[in-house]
Amino acid sequence: MSNLVIGWIGVGTLFGLLAFRMSIGTALMAVSFVGITVMFNLQAAFGIVSAMPFNLIGDWSLTAIPMFLFMGFIAANTGLTAGAFDLLRVLLARVPGGLASASVGACGLFAAASGSSIATTAAMSKIAVPEMLKAKYHPSLATGVVAASGTLGSLIPPSILMVLYGIFTEQSIGQLFIAGVIPGVLSAFVYMAMITVRATVTPQLAPPVVERIDRAQVLSLLWSVWPFPVLVLGVLGGIFGGFFTPTEAGAVGAFLAATVALLRRSLTRKALAEAIRQTTLATSSIFFLSIGAVMFTRFMGLSGVPRALTDMMLSVSDNQIVIILMIAALFVILGMVIDSIGLILLTLPILLPVLEAADINLIWFGIICIKLLEIGLVTPPVGLNLYVLHSALSGEVKLRDIISGTTWFIAMDIVTLFILIAFPAISLFLPSLMAQ
Amino acid sequence: MLTLFNRLCSWLMFIGGFGVIAMMLNIVADVVAKLVWNAPIQGTVEISSYYYMVALVMLPMAFVEMQDQQISVDLLFNHFPAWLQKLALLFSCLAAAAILAVMTWRTGLDAMRALRVGEVVMGGREVIVWPSRMVLPLGFGLASLAALLRGLLVLRGQPVTQSDLDGGMS
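First to last, the protein sequences are chains A and B. Residue numbering for the first sequence follows this note's numbering, beginning at 88 and increasing consecutively. Residue numbering for the second sequence follows this note's numbering, beginning at -1 and increasing consecutively.
Don't read these hints as lab results, they were simulated from the structure. It cannot be assumed that every hint is accurate.
Here are the computed lysine to any residue pairs in the SDA-like style, where the Cα-Cα straight-line distance is at most 25 Å [as the list claims (entries may be wrong)]:
{"#": "1", "chain 1": "B", "residue 1": "K84", "chain 2": "A", "residue 2": "F102"}
{"#": "2", "chain 1": "B", "residue 1": "K32", "chain 2": "A", "residue 2": "L320"}
{"#": "3", "chain 1": "B", "residue 1": "K32", "chain 2": "A", "residue 2": "H477"}
{"#": "4", "chain 1": "A", "residue 1": "K221", "chain 2": "A", "residue 2": "H477"}
{"#": "5", "chain 1": "A", "residue 1": "K485", "chain 2": "B", "residue 2": "H77"}
As the structure is a prediction and not an experimental result, all values here were calculated from the model.
Same shape as in the complex, but just chain A (with noise of 0.2 Å):
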């Protein structure tokens, strides 16, 4: 039996165990592992055990996702975003929609103090969510709005995808984080045009909210999302300056998450140490999976796979925009059964020599890759950010309205998509900026 045949096999195997509900981490080292020894022997198998992961947790940039997670539940559990929904509440009071719309802009504030998707939607969810329904929304639109703008959280840095994706793929953090800020608003004002549309002309979906407006709520409102500036700037403003690395910019926006909470007296005990019990899970698991992708890369590039798939979709079109197409339609169909960075992570070491080969921007083609994964977060049946939501408002909206709900936002998604995928220059222009 050759190589590639083996390596075949055991991209087989891994997902009927995927499918036996092991957890993907166990799933990857066990096939790389039994693969490799079938390929050569055992000796070979423990030599990529031995040093590996003491290598891969000691990764410096890696350090990155600890702290950005941190970040984004400190954020999460003190409450750091009502203000933010409250003021854009107020301020898109006269548009049709308004409080949809809001919702996609306190996502995607909320996004850039948080790494990831799932947490932007736990957070928003329970502020968002009972406005809308309680101004006669309807359902499917007040959580499908939710479900669709939390996935900002990983396009709009900082972004632990984007941190994955950088270390598998040797690409600047620093520069993907930047190269999401426009993808990430472009995201949000195509939501934010489509809402307006829908409720101008199905005035039924979100009836016009009547409140009055005085310039000292205003003011106040104002004065109370200080937070996002400081926490922008901070994280943000020093990448792109060139004052610190992602991983340094994590520990600054943490910290200066925590001491934002502790001036507006939210930081808990109970808060404090929720929000380092959800990292420490998280951080865990995803350098367990982690572990489990980099024995599954040499298994791969041993048995000459992604070589062979290389060859396979260049002789199906040496086009860049068609190879882009072909990985989109896989990640769309896998991403309805596998979560975000399960997929990541399972894929890259297989596609990576075919972005390479096809000579394809890993920058610009890592937006697409979140874009897509995002995409995932909110399509039945793994959608997580749909069970998210569900079990965030404890069942008072059903699972089936707010899948509808998000179809919608889908439909824009895939606009947006294309958009990204027809002009690089969205995604590359600022990190050509960046102080080098």
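For this one, chain A is given, so just place chain B on it according to the hints.
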């Protein structure tokens, strides 16, 4: 016995969590010292990477395993008949225990070698790393034990999946 093991796991997770705070403060202090006095705190990168991170990743691993927090795919599983669910869980737990045992053994050999030579890394200054190498076999070993325990729980028909555990708590 099981309660004792669970308590040990949550204790280790707590120590790992301490790593988050320590790492944040250390890196921030380093950044401030660098930007203000142009005098970085020597060894910040090495201590963060080889001590805080190792503690943060490895110590909670058994807890993550016990709580079924490893990332997995539930889609087909949820439609399995009960006997097949039980079989799948048992198989997954045993496979996890086996591969984690391999990891324990190899990283353990690595740790012994590091201890023998008194391994250090050279960064801004010399940092001893052999003690942190010891944490890997500890973390993997306990996680392997946790997976084995979960396998036993499956056989005894006790809840082991995240949804069942959550349901049991609330």
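Evaluated hints:
In summary, the hint linking K84 (chain B) to F102 (chain A) is supported, as the alpha carbons are separated by about 19 Å, within the 25 Å threshold. The hinted pair formed by K32 (chain B) and L320 (chain A) meets the criterion: a straight-line CA distance of about 19 Å does not exceed 25 Å. At most 25 Å may separate the alpha-carbon atoms for a hinted pair to count; K32 (chain B) and H477 (chain A) exceed this at roughly 46 Å. Restraint check: the Cα-Cα separation between K221 (chain A) and H477 (chain A) comes to about 17 Å, which is no more than 25 Å; the hinted pair holds.
The hinted pair formed by K485 (chain A) and H77 (chain B) meets the criterion: a straight-line CA distance of about 20 Å does not exceed 25 Å.
Hint 3 from the earlier list is the only one contradicted by this structure; the remaining hints agree with it.
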